[in-house]
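The numbers in the sequence shown follow my numbering, run straight up by one, and end at 94.
Hint data in this document are derived by calculation from the structure and do not stem from the laboratory.
As the structure is a prediction and not an experimental result, all values here were calculated from the model.
Some clues are possibly wrong.
[Stated by the list, open to error] No farther apart than 25 angstroms at their CA atoms in a straight line, the calculated lysine to aspartate or glutamate pairs in the DMTMM-like style are these:
id: 1; residue 1: Lys-5; residue 2: Glu-58
id: 2; residue 1: Lys-4; residue 2: Glu-58
id: 3; residue 1: Lys-92; residue 2: Glu-76
id: 4; residue 1: Lys-29; residue 2: Asp-84
id: 5; residue 1: Lys-5; residue 2: Glu-76
[Unchecked claim] Pair by pair, the computed Cβ-Cβ distance ranges are:
id: 6; residue 1: Leu-66; residue 2: Met-17; range: 32 to 42 angstroms
id: 7; residue 1: Ala-60; residue 2: Glu-24; range: 22 to 32 angstroms
id: 8; residue 1: Ser-83; residue 2: Thr-56; range: 20 to 30 angstroms
id: 9; residue 1: Ile-36; residue 2: Leu-67; range: 13 to 23 angstroms
id: 10; residue 1: Glu-24; residue 2: Met-55; range: 48 to 58 angstroms
id: 11; residue 1: Gly-23; residue 2: Thr-56; range: 48 to 58 angstroms
id: 12; residue 1: Pro-64; residue 2: Lys-92; range: 17 to 27 angstroms
id: 13; residue 1: Glu-24; residue 2: Met-54; range: 44 to 54 angstroms
id: 14; residue 1: Ile-36; residue 2: Pro-64; range: 31 to 41 angstroms
Note that beta-carbon positions come from the ideal geometry of N, C-alpha and C, so glycine has one too.
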Amino acid sequence: MKKAMRQLCAPLLAMFESGVGEYEYKKSHRIILIVLGALCFVIASASLVVTMMTGEAAGIIPILLFSLTGLVCEVVGLLGSDRAVARIWKRN
3 MKKAMRQLCA
13 PLLAMFESGV
23 GEYEYKKSHR
33 IILIVLGALC
43 FVIASASLVV
53 TMMTGEAAGI
63 IPILLFSLTG
73 LVCEVVGLLG
83 SDRAVARIWK
93 RN
């Protein structure tokens, strides 16, 4: 299942997994990235609820931004290599 998901998300993962040389990776970086992604999804959900209650179309912007940020964090955190996690933290 993980292999199929990696193939599906290959274009996104390729941006972070490219590069050569050393990188600094800690297991805590992956855990924090996954938690950050979950928090972004919570904020996007709260924004969706408030947008639906108020009916304001401008609420789409934070929903999209936090949803995309959460998606990238979760994909890299759950499916990405150690290099991808280190690169998203800018630790080369």
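Taking 25 angstroms as the top limit, are the C-alpha atoms of Lys-5 and Glu-58 close enough? violated, 40 angstroms
Range agreement (Cβ of Thr-56 with Cβ of Ser-83, hint 20 to 30 angstroms): Violated, at about 42 angstroms.
A range of 48 to 58 angstroms was offered for this pair. Does it hold for the Cβ distance of Gly-23 and Thr-56? holds, 49 angstroms
So does Ile-36 sit 31 to 41 angstroms from Pro-64, Cβ to Cβ? violated, 21 angstroms
Does the Cβ pair Pro-64, Lys-92 satisfy 17 to 27 angstroms? holds, 24 angstroms
Between Lys-92 and Glu-76, does the CA-CA distance stay at or below 25 angstroms? holds, 17 angstroms
Could you grab the alpha-carbon distance between Lys-29 and Asp-84 and see if it respects the 25 angstroms cut-off? holds, 9 angstroms
Range hint 13 to 23 angstroms (beta carbons of Ile-36 and Leu-67) holds or violated: holds, 19 angstroms
Hint says 22 to 32 angstroms; check whether the CB-CB distance for Ala-60 and Glu-24 agrees. This hint is violated: roughly 44 angstroms between Cβ atoms.
Outcome of range test on Cβ distance (Leu-66, Met-17; 32 to 42 angstroms): Violated, since Leu-66 and Met-17 (Cβ atoms, about 19 angstroms apart) do not stay within the stated range.
Range agreement (Cβ of Met-54 with Cβ of Glu-24, hint 44 to 54 angstroms): Since Glu-24 and Met-54 have Cβ atoms about 48 angstroms apart, the given range 44 to 54 angstroms holds.
Holds or violated: Lys-5 to Glu-76, with C-alpha atoms at most 25 angstroms apart: OK: Lys-5 and Glu-76 at ~16 angstroms, within 25 angstroms.
Of the hints listed earlier, those the structure fails to meet are numbers 1, 2, 6, 7, 8, 14, in rising order.
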